[in-house]
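Novice: Each chain is listed here by its residues.
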Amino acid sequence: MTVRSRNTIIWLALMGATIGSFAISHDVGWHLGSRALAITAIAITIAKVRYVGLDFMDLRRAPTAFRVLFEVWIVTLGLLLSAIYCFPL
Amino acid sequence: MQIETYCTAETRAKRIPGEPGLWILIAGDWLIFNLIFVSYAAYRSSSSVLYHESQQRLNAFLGLANTLILLTSSWFVVRAVESIRHDRNATAARWLAASAACGVAFIALKAIEYGEKFLGGITPVTNEFFTYYFAMTGIHLVHVIIGIAVLIWMRNDIVRDDKRANIDLIEGGACFWHFVDIIWIVLFSLLYIIR
Numbered sequence: 001m002t003v004r005s006r007n008t009i010i011w012l013a014l015m016g017a018t019i020g021s022f023a024i025s026h027d028v029g030w031h032l033g034s035r036a037l038a039i040t041a042i043a044i045t046i047a048k049v050r051y052v053g054l055d056f057m058d059l060r061r062a063p064t065a066f067r068v069l070f071e072v073w074i075v076t077l078g079l080l081l082s083a084i085y086c087f088p089l
Numbered sequence: 001m002q003i004e005t006y007c008t009a010e011t012r013a014k015r016i017p018g019e020p021g022l023w024i025l026i027a028g029d030w031l032i033f034n035l036i037f038v039s040y041a042a043y044r045s046s047s048s049v050l051y052h053e054s055q056q057r058l059n060a061f062l063g064l065a066n067t068l069i070l071l072t073s074s075w076f077v078v079r080a081v082e083s084i085r086h087d088r089n090a091t092a093a094r095w096l097a098a099s100a101a102c103g104v105a106f107i108a109l110k111a112i113e114y115g116e117k118f119l120g121g122i123t124p125v126t127n128e129f130f131t132y133y134f135a136m137t138g139i140h141l142v143h144v145i146i147g148i149a150v151l152i153w154m155r156n157d158i159v160r161d162d163k164r165a166n167i168d169l170i171e172g173g174a175c176f177w178h179f180v181d182i183i184w185i186v187l188f189s190l191l192y193i194i195r
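If you read the sequences in order, they're chains W and Y. The first sequence begins at 1 in the numbering used here and counts up by one. The second sequence begins at 1 in the numbering used here and counts up by one.
Don't read these hints as lab results, they were simulated from the structure. The structure displayed is predicted, hence computed values, not measured ones. Keep in mind that a hint or two might mislead.
Claimed, not checked - Just the calculated beta-carbon pair ranges, DEER-fashion:
1) W:Val75 with Y:Asp168: 34 to 42 Å
2) Y:Asn166 with W:Arg4: 45 to 53 Å
3) Y:Asn166 with W:Thr8: 39 to 47 Å
4) W:Ala43 with Y:Asn166: 32 to 40 Å
5) W:Ser34 with Y:Arg15: 40 to 48 Å
6) W:Phe87 with Y:Ile146: 31 to 39 Å
7) Y:Pro124 with W:Val72: 45 to 53 Å
8) Y:Gly21 with W:Ile24: 35 to 43 Å
9) Y:Gly28 with W:Glu71: 13 to 21 Å
10) Y:Thr131 with W:Gly16: 14 to 22 Å
11) Y:Ile145 with W:Phe87: 32 to 40 Å
12) Y:Asn166 with W:Ile24: 39 to 47 Å
As the list claims (entries may be wrong) - Selected chain Y positions facing chain W (Cβ under 10 Å, derived; list incomplete):
13) Gly18
14) Leu68
15) Leu71
16) Arg79
17) Tyr114
18) Asn166
19) Cys175
20) Ser189
21) Ile194
Claimed, not checked - Below, computed lysine to any residue pairings styled on SDA-like, alpha-carbon distance capped at 20 Å:
22) Y:Lys14 with W:Tyr51
23) Y:Lys14 with W:Leu80
24) Y:Lys117 with Y:Lys14
Glycine residues also receive a C-beta, built at the ideal position from the N, C-alpha and C atoms.
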């Protein structure tokens, strides 16, 4: 697969994930107390951030340490936000 | 017949895109935004009813539209960088102009959204949620404006003369715009999706 076609597929997937999460949020209702749904939304968000970083910013071909730092950072943010939504203060 | 070939990501040498100094700026900015995201989530967890009710007053469709606009603008920038790597500066200039236009559209929709709030009597001091809402989206909006300026500078730089574009500067500018997109992806989820 060429870089160009891969990036186009990723763009379409990002658009689809955005519309999908919006539809679920407003049709089903990610209401209060729905922790599983909040965590799902955070997981989708982190996945979107990951693909923008790795493919659009081209971090997929960055040195391994730099790429690992990026991935660990965004996963940590996702886990932190999930923990806060799961265990309210 | 011209045959265009594109190397795969795996076949290119490993390197950090853009100028190293830019990544220090992005990392610092990203850290500050992360603190704001976590702070928002923490305060939300202690006042969930207030936040939930306030989020119902947001125009989620404008939030969705702006997310799709920024994602598309990021893809345009990707296409621009690919074009520059293949010495097709005129094509790249068109992609960059399209991306900047998306940025302007984002600002226009944000202005409509802010206008709706102000006309409805909602301001940054209405309650804690709206303080966060205006602060987070306002700081992001400043990044969008800077990003548009960078995109216009990139476009002007590659059409000004015939020399090869400085790929480090181009990649750096592109990464900044993708970073602006990343911030919004998280904001969209926190403000409009998780309610």
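Novice: Hints first: check each against the structure and report whether it holds.
Specialist: Here is how each hint holds up against the structure:
| no. | hint | result |
| --- | --- | --- |
| 1 | W:Val75 with Y:Asp168: 34 to 42 Å | violated, 28 Å |
| 2 | Y:Asn166 with W:Arg4: 45 to 53 Å | violated, 22 Å |
| 3 | Y:Asn166 with W:Thr8: 39 to 47 Å | violated, 26 Å |
| 4 | W:Ala43 with Y:Asn166: 32 to 40 Å | holds, 38 Å |
| 5 | W:Ser34 with Y:Arg15: 40 to 48 Å | holds, 43 Å |
| 6 | W:Phe87 with Y:Ile146: 31 to 39 Å | holds, 37 Å |
| 7 | Y:Pro124 with W:Val72: 45 to 53 Å | violated, 34 Å |
| 8 | Y:Gly21 with W:Ile24: 35 to 43 Å | holds, 41 Å |
| 9 | Y:Gly28 with W:Glu71: 13 to 21 Å | holds, 19 Å |
| 10 | Y:Thr131 with W:Gly16: 14 to 22 Å | violated, 33 Å |
| 11 | Y:Ile145 with W:Phe87: 32 to 40 Å | holds, 38 Å |
| 12 | Y:Asn166 with W:Ile24: 39 to 47 Å | holds, 44 Å |
| 13 | Gly18 | holds, 9 Å |
| 14 | Leu68 | holds, 6 Å |
| 15 | Leu71 | holds, 5 Å |
| 16 | Arg79 | holds, 8 Å |
| 17 | Tyr114 | violated, 21 Å |
| 18 | Asn166 | violated, 16 Å |
| 19 | Cys175 | holds, 5 Å |
| 20 | Ser189 | holds, 4 Å |
| 21 | Ile194 | holds, 5 Å |
| 22 | Y:Lys14 with W:Tyr51 | holds, 18 Å |
| 23 | Y:Lys14 with W:Leu80 | violated, 30 Å |
| 24 | Y:Lys117 with Y:Lys14 | violated, 47 Å |
Checked against the numbered hints above, the structure violates hints 1, 2, 3, 7, 10, 17, 18, 23 and 24; every other hint is satisfied.
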